[in-house]
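Chains as they are written, first to last, in our numbering: chain A, 514 to 761; chain B, -12 to 339.
Since the hints were made in silico from the structure, they are not lab data.
Treat each hint with caution, since some may be false.
[As the list claims (entries may be wrong)] Within a straight-line C-alpha distance of at most 16 angstroms, the following computed EDC-like cross-link-like pairs (lysine to aspartate or glutamate) qualify:
id, chain 1, residue 1, chain 2, residue 2
1, A, 748, B, 237
2, A, 748, B, 240
3, B, 253, A, 583
4, B, 19, B, 33
5, B, 8, B, 33
6, B, 21, B, 240
7, B, 145, B, 237
8, B, 253, B, 240
9, A, 662, A, 696
10, A, 564, A, 583
11, B, 253, A, 558
12, B, 145, B, 119
13, B, 145, B, 217
14, B, 58, B, 86
15, B, 253, A, 559
[Said to hold, decoys possible] If we take Cβ atoms under 10 angstroms as the criterion, some of the chain B residues that face chain A in the derived model are:
id, residue
16, 15
17, 19
18, 52
19, 236
20, 259
21, 269
22, 275
All C-beta atoms in this analysis are idealised placements derived from N, C-alpha and C, irrespective of residue type, glycine included.
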Amino acid sequence: MRPLEAISFQEHGNVATITLNRPAHGNRINIRMIQELAAVCDHLEDRSKAKVVVFRGSGGIFSQGVDFGEFQPHQPIDIHGFNKWEKIAVRLERLPKVTVALIDGAATGGGFHLMLVADQRIATSRSFFQLPEVHMGFLPGMATFRLAKYVGLGTAKRLMLCNTRLSAPQALGLGLLDMVSDDLDAALQSTIESFGPIHTTAVQLCRRLLNESFAIEFEEAIGNFLAAQHRAVNKSAFLDTLARQHEK
Amino acid sequence: MSTVHPRIVSVGTANPPRYYKQADLPDLFMIKDKRLRSLFTSGHIDGRHLYLPDPDAHGIPTESQGQLLHKHLRGSMEIGPQAIRQALEHAELHVTDVDYLVVTTTTGFLAPGLSAHLMNEMGFRSNCGRADVVGMGCNAGLNGLNPATHWAMANPGKNALLVCIEVCSAAYVFDNTIETGIVNSLFGDGAAAAVIRAEPADAGKLAPVVLDFESHVILPALQAMRFDWDDSAGKFSFFLARDIPYVIGEHAETPVDRLLSRHQIKRRHIAHWLVHSGGKKVIDALKYNLGLTTWDVRHTVSVLHDFGNLSSASFLFSYQRLLNEARIRRGDYGVMITMGPGTTIETALLHW
């Protein structure tokens, strides 16, 4: 891995933390950041023993979305650039860990989208949330696919089409956030405790089935569930649970 | 020169002329039982190419074991040569250019084997080397690709031809049980052929190098899939244990990860997955055990939908669909996975 610039990365015990680290640029997502996130994903998938991955921003901002500095006004815009961001977003969504977004300050555009790929979201009371893309003439990425699952179709339309600015309590009320706390580190600790023993296989399979819900037919989903359940019950985590039940 | 690599130069496929919509088959087979009928309407298969006799007043007549074996040979000599001609044409080869012939089939036993019948039918050179891979089931395509690849590697510039021919309609038994109902509603007829040749470069044709193979046999599941004699029916009958698709899924990581780790690559580096279209359950099981997406198995699912399970030929139908998409880029890796009796999981690693 070359030295990290756009993000920083730390691991302490079971917890790995990815911090978006371009505070002078609103922690905006640029190509360098995407490349560094990919390198960190390689590490998390292949080597890391961490069970929890935290996404956060530096300098009192989570992220203000895509960095337009890399778009040239008079050159054709490469749609594959957008795809690079979507690929890293889905990779973060599927990490073999549980993921928590810790938000302080603005989570707008791609920053709003990034928190949707995490398993849990915790924000400080001063944080705010906004999807300005449609008012700027483009689209809020695959948040178009993810957001309605959290808040319902009507609210998703309002947030995207009206550029509604949500406060942290409002976002909590809509189900976008799991907790509002001005002590993010304490809130993270209690969230990590609530995850229990973290059986990675069960977490990944459960998350995948949930992410696939809404989008497919029941007849398709039941086949997926049975395949996933067969995998889960043949792993040592469940076999140990069974053994303990029998001892009682 | 160590830069000569065995490559899949071309592929061809063929099916019998008659196509049966899955929804029409219960009536044609005069199946009354609701549960048996429902096997045909699950929706994962739209229809299948089959060699079936014309129906009379009692539906499609039952065929004797002798008639089924005869049908296997007759059908094989129709679809086998068609698939071969297509593969040879794409490789710009004549049948006399073939130096080594590997033929797989499980749906009929005969001696001399299909390879000799194909030589006789199509005019292969009399000194063409041959091997018949018989009775290995749905995984056999990779069991055939393995020797074809190694033969090609040992004989650079010479042409090996892999042919997978399955007349699954010659393995049907009608006894109103769920076991045979599953077979009769799942398997279709088809043939596929591929030319394998070791050459230094593919001259811009995007012919992948076959880098490696890895096998895994789940020995405790020896009886879970079998094609054996049913004395009461007086026929060979195929049996599939209910949970074997999930057992295959559970074990799939083992050969795949062994295969990839030898080449220091991870599953995320695999651009193209070519999985045998075994059935809905086993495809689901591989998806959730290997972490494959619906997109990764799109050809596997669409080949199942359009043809049913073509046994050893299925994976080459998926391979052909992948080529036709024109999405492959130089440097891409692909993994082929076939599953069948043993219980067996065979894998191969491709590099474009």
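Status of each hint after checking the structure:
1. A:748 / B:237: holds (9 angstroms)
2. A:748 / B:240: OK: residue 748 of chain A and residue 240 of chain B at ~13 angstroms, within 16 angstroms.
3. B:253 / A:583: Violated - the C-alpha atoms of residue 583 of chain A and residue 253 of chain B are around 31 angstroms apart, more than 16 angstroms.
4. B:19 / B:33: Status violated; Cα separation ~20 angstroms.
5. B:8 / B:33: holds (6 angstroms)
6. B:21 / B:240: violated (37 angstroms)
7. B:145 / B:237: The given pair, whose Cα atoms are some 39 angstroms apart, is violated under the 16 angstroms limit.
8. B:253 / B:240: Given that 16 angstroms is the threshold and the Cα spacing comes to 12 angstroms, the pair holds.
9. A:662 / A:696: violated (28 angstroms)
10. A:564 / A:583: violated (34 angstroms)
11. B:253 / A:558: Within the cut-off at roughly 10 angstroms; holds.
12. B:145 / B:119: At roughly 19 angstroms apart (the allowed maximum being 16 angstroms), residue 119 of chain B and residue 145 of chain B break the hint.
13. B:145 / B:217: Not satisfied, since the Cα-Cα distance of roughly 43 angstroms exceeds 16 angstroms.
14. B:58 / B:86: violated (28 angstroms)
15. B:253 / A:559: Measuring from Cα to Cα gives roughly 9 angstroms; hence the hint holds.
16. 15: violated (25 angstroms)
17. 19: Violated - the Cβ of residue 19 of chain B stays beyond 10 angstroms from chain A, reaching only about 24 angstroms at its closest.
18. 52: violated (35 angstroms)
19. 236: Hint holds; residue 236 of chain B Cβ to chain A Cβ min 6 angstroms, cut 10 angstroms.
20. 259: The hint is violated - residue 259 of chain B has no Cβ within 10 angstroms of chain A, the shortest such distance being about 16 angstroms.
21. 269: Residue 269 of chain B check passes; min Cβ-Cβ to chain A is 9 angstroms, inside 10 angstroms.
22. 275: With a minimum Cβ separation of about 4 angstroms from chain A (threshold 10 angstroms), the hint on residue 275 of chain B holds.
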